[in-house]
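Can you build the whole structure from these sequences, using the hints too?
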Amino acid sequence: MSVPPPSSALPGQTGPLRHLSIVRALMLRELITRYGREGLGFLWVIGEPLVFCLGVVLMWNLIRPEYEHGIRLGPMVMTGYMALLLLRHQISFSLSALQANTGLLHHRAIAVLHIYTSRNALEFLGTTAAFMVVYLLLGFLGEVSPPHDWGLVFGGWLLLAFLGLGLALVFSALAQRFAFMERIVPLLTYALIPMSGAFFMASWVPPVWRDAYLLIPLPHAVEMIRAGVFGPFVETHYDGLYAFGWGLALNLLGLLLIAGARDRIDAE
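If you count the sequence shown from 1, you need to add 1130 to reach the numbering used here.
I should point out that these hints are in silico values taken from the structure, not numbers from a laboratory.
Glycine included, each C-beta is placed from N, C-alpha and C at the ideal position.
Heads up, some of the hints might be wrong.
Here are the in silico distance ranges between beta carbons for each label pair [stated by the list, open to error]:
no., residue 1, residue 2, range
1, Val1181, Ile1323, 18 to 24 Å
2, Leu1267, Tyr1372, 19 to 25 Å
3, His1236, Tyr1372, 40 to 46 Å
4, His1236, Met1325, 25 to 31 Å
5, Arg1340, Arg1313, 29 to 35 Å
Next up, the structure:
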């Protein structure tokens, strides 16, 4: 498997096609760097989230009842854990993206945003593929039923990835500016467990606290996914436009914060 250098992968290409070629080449380079050229090591981009999710689902099935609040445990844990895994992978693999690829920035064709986009796209594709495999496997075992609304599932998943990209850009830019953030951000990602609603539904939150809880944008995307999986028979609470607005704000803030990243690296 040969990967063209990102800077030479675009003869005759301009505009969006040129950027897509750069991102594609960087994704292939990342796959080879992380998993090697030989064997099926690159499949670990799918296998890692797959193994973790199946392990969590199995553990919860052993220690918790089959149903909780009238909701089957398997699909609830599956949707929540895969959502959490996507967010954490986007943030953690973006955190060291520039430091690991500083040499590539000597190619003027490659922008800082190309590096972040390639890493987030790789994590998105790998986690999405793992989500599909887990869903099919649990469906074969009779743990889950086909989604009631594919549009809500895909819309919620894309919305979650959009929010994750914004968080990844903001946290990475802050870590580049302040060295102590590199140690704090991994700890902050643990706050995603309660903040994302990965292991509980918004309807389980006492009504007096629910509105305040839903000011956090992440649960809206997770609730959309679960609304698509469970259908109208399970109470869900979400506002896609509200979460999308947050995603726009986070991504714009992230882009502003990383705007001078190349200059700071050159200065160092």
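Against the structure, the hints come out as follows:
no., hint, result
1, Val1181 <-> Ile1323: 18 to 24 Å, "19 Å, holds"
2, Leu1267 <-> Tyr1372: 19 to 25 Å, "33 Å, violated"
3, His1236 <-> Tyr1372: 40 to 46 Å, "42 Å, holds"
4, His1236 <-> Met1325: 25 to 31 Å, "38 Å, violated"
5, Arg1340 <-> Arg1313: 29 to 35 Å, "34 Å, holds"
Violated hints, listed in ascending order, are 2 and 4; each of the other numbered hints is respected by the structure.
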